[in-house]
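S.K.: As you go down the protein sequences, you meet chains A and B in turn. For the first sequence, position 149 (counting from the first letter as 1) is numbered 164 according to my numbering, and the numbering increases by one without interruption. For the second sequence, position 68 (counting from the first letter as 1) is numbered 362 according to my numbering, and the numbering increases by one without interruption.
These are calculated hints, taken from the structure and not from any lab test. Treat the hints loosely; a few may be bogus.
[Claimed, not checked] In silico DSBU-like links for lysine-lysine, alpha-carbon gap of 30 Å or less:
id, chain 1, residue 1, chain 2, residue 2
1, A, Lys187, B, Lys364
2, A, Lys187, B, Lys315
3, A, Lys96, A, Lys215
4, B, Lys315, A, Lys36
5, A, Lys36, B, Lys349
6, A, Lys135, A, Lys187
7, A, Lys119, A, Lys96
8, A, Lys215, B, Lys315
9, A, Lys36, A, Lys189
10, B, Lys364, B, Lys308
11, A, Lys135, A, Lys54
12, A, Lys36, A, Lys215
13, A, Lys119, A, Lys189
14, A, Lys215, B, Lys308
15, A, Lys54, A, Lys28
16, A, Lys36, B, Lys308
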Amino acid sequence: MTSQMKEEAPLGKVIVITSGKGGVGKTTSAAAISAGLAKLGHKTVVIDFDVGLRNLDMIMGCERRVVFDFINVIQGDARLKQALIKDKRLDTLFILPTSQTRDKDALTQEGVEAVLNELKEEFDYIICDSPAGIERGAQMAMYFADEAIVVTNPEVSSVRDSDRVLGLLNSKTKRAENGDDEPVSARVLLTRHDQARIDKGEMMTVEDVLEILAVPLLGIVPESPAVLRASNIGTPVVLGDPCAAASAYEDAVARITGEEIEMRVETDRGPGFLQKLFGRTA
Amino acid sequence: MSLFGFSLKPRRQKQSAQVAKDRLQILLAHERSRGADTADFLPQLQNDVIAVIRKYVQVADNDVDIRMEKGSDISSIEINIEIPADAPRKRTARG
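Looking at chain B on its own, in the form it has when it is part of the complex (with noise of 0.2 Å):
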């Protein structure tokens, strides 16, 4: 038993609390380094995609996918493009 409110006995193995633990300090490591709004590029890093691709092939809007994926120590930018077998390519990207 403890008399204050500090753990004096080792916790069993990962439970709900520490589970809680982990994932605030990932997330907070990050929000701390680089600002709670990060993320925030995101959409108009979506859009510059999409008009740099449409330059080349002809894709819909939603065939482009951004996602972020945050790690503890590095964190990932993944994009999928889906081009349509049929997607009518632009030759006339340079004029």
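Bound conformation, chain A alone (with noise of 0.2 Å):
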């Protein structure tokens, strides 16, 4: 391995991709934020929580090479350093797989904390991909993080699971139950961002949604064929053709990594061309 030992110590920073409900955009949101910080040097990690339904590993990508998961690692059958899969596009980029035989009960908070830790010691960014639902996998992703993106529809259905989430994160994590640590940074990144059905009154607005969640906005990602073909040929979005969707995720992965860029909304078609332009000149 190509490992240079950078000057600095690694970040060591975790954050937690979760939603409660399914179908939202996790996975694509969890590649395609591990794709972005990597491809800005930062050395990532990113993780699959999904014990049993493994799929991190397709859309990054690399699910012919899964040799040793998650699940090995904790259970000592492996090391960390067999079981990490090394990005072919990006080299500093790891995929760590989960099992696709095991169940969540294979997921020990010791074990989890241990991986955790290993992990810290030589990354930047450790992304946690969580399951749906608000059981034990889900929990064993956002317990350890510092921060945590929840990725949100402008839906009903989402929205209130995002609360939930929320609430989970402020009760169920180890930094809300050691009283002293600051507490997980939340931040929703709003997915399946429909401008043309908000301007009907079919959707609610990213403003609708922030006001019922009250939390800080990461990023608005459009609704776009893009992100389904990112997934059919097994690339995080982006790293594929420019898209409104890739710039959107570039746009919260310099969020994360401290910059101030201003919101914007950018869609595949209509009045393109100017509006972007307009809409970088900021």
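Take the two lone chains, each set in its own frame, and fit them into one complex as the hints suggest.
M.R.: Written out as structure tokens, the structure reads:
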């Protein structure tokens, strides 16, 4: 491996991508955000916590390279280095796939903590891709998080579930239980945003959702055919052809690293060109 | 036209997005203040109510109906007990 130690210690920040509701774009977002961070040169690992329903490997395009997994490492059957899959496109990006044959009980709190601590020694960002729901897998994915990205669609059941998850982040995490620590910093990533439907009054606006959930906004990802195309070929959206969803994720990634970037909504169709031009001048 | 996703123009009257927002605001106000599991006591309450009623009147399980109505400020529990006209009275509640 060509992993050259950087001068300074790695950042070691644990970020959970969660939502409560399934199908809102957690894995797509975890893949895009981790690839985006890695593209900026941050050493990043993305972990699949959806034990039994492994999918991150497909979205990342490394499904044929899985030998050992997260559960093997927790149970001592493999070393962490053996289970980490190095991305073929970015040498700062690694994937830790989950098991397809075990169940969620294989995730022990001590085991997860040991793996995360080992990863913190080497990585700047540790992205935990949570399963849907609020049971063990989801709780383990969020328990050790420093930050949370709550993926939400502008739709009633998704917003309600996001609210539940925000409650859990405030009560069922290590930071919450450890009164002295700062609480988990949570932000909403709004996905499947459709400006045309908002204009028709058929979809809640970004402001509506933020007013209800009362947490800061990380980004707005437009509904885009590029997302399905990207998952078809196993390429995170930000590593494929330029599109509105990719730039939305890139903006979100920059915000994660602390940059202040104005919120904007791009679309792949419509009056794109001039709009993009003006949108970028800020 | 809005350059950003934020609605810069006022929306027309009560569209479905507005209904969605209103419903969520009412629901989540409840779920946050008392947790999502608040209504979990209703089945137990129903059993207890039936037990108390049966001390005095013979009623069947489905003669007792308990509903909860959540409003934005207060909630109400409505208990309806149907007592059949020919229900045998129990004189011996106190022995």
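S.K.: Now look at each hint and say whether the structure bears it out.
M.R.: Hint-by-hint comparison with the structure:
This hinted pair checks out: Lys187 (chain A) and Lys364 (chain B) have alpha carbons roughly 27 Å apart, not beyond 30 Å. At roughly 27 Å between alpha-carbon atoms, Lys187 (chain A) and Lys315 (chain B) fall within 30 Å of each other, so this suggested pair holds. About 51 Å separates the Cα atoms of Lys96 (chain A) and Lys215 (chain A), which puts this hinted pair outside 30 Å; it is violated. At roughly 18 Å between alpha-carbon atoms, Lys315 (chain B) and Lys36 (chain A) fall within 30 Å of each other, so this suggested pair holds.
The suggested pairing of Lys36 (chain A) with Lys349 (chain B) is violated, with an alpha-carbon distance near 46 Å, which exceeds 30 Å. A distance of roughly 21 Å separates the Cα atoms of Lys135 (chain A) and Lys187 (chain A); the hinted pair therefore holds under the 30 Å criterion. Between the alpha carbons of Lys119 (chain A) and Lys96 (chain A) the distance comes to roughly 22 Å, so the proposed pair stays at or under 30 Å and holds. Between Lys215 (chain A) and Lys315 (chain B) the CA atoms are separated by roughly 15 Å; this keeps the pair inside 30 Å, and the hint holds.
Under the criterion of a C-alpha separation no larger than 30 Å, the hint pairing Lys36 (chain A) with Lys189 (chain A) is consistent with the structure, at around 22 Å. Our distance criterion of 30 Å between C-alpha atoms is met by Lys364 (chain B) and Lys308 (chain B), whose separation comes to about 21 Å. Among the hinted pairs, Lys135 (chain A) with Lys54 (chain A) is consistent with the structure: their alpha-carbon atoms are about 19 Å apart, no more than 30 Å. The hinted pair formed by Lys36 (chain A) and Lys215 (chain A) meets the criterion: a straight-line CA distance of about 25 Å does not exceed 30 Å.
In summary, the hint linking Lys119 (chain A) to Lys189 (chain A) is supported, as the alpha carbons are separated by about 19 Å, within the 30 Å threshold. In summary, the hint linking Lys215 (chain A) to Lys308 (chain B) is supported, as the alpha carbons are separated by about 11 Å, within the 30 Å threshold. With a CA separation close to 17 Å, the supplied pair Lys54 (chain A) and Lys28 (chain A) stays within the 30 Å bound. Under the criterion of a C-alpha separation no larger than 30 Å, the hint pairing Lys36 (chain A) with Lys308 (chain B) is consistent with the structure, at around 27 Å.
Checked against the numbered hints listed earlier, the structure breaks hints 3 and 5; every other hint is satisfied.
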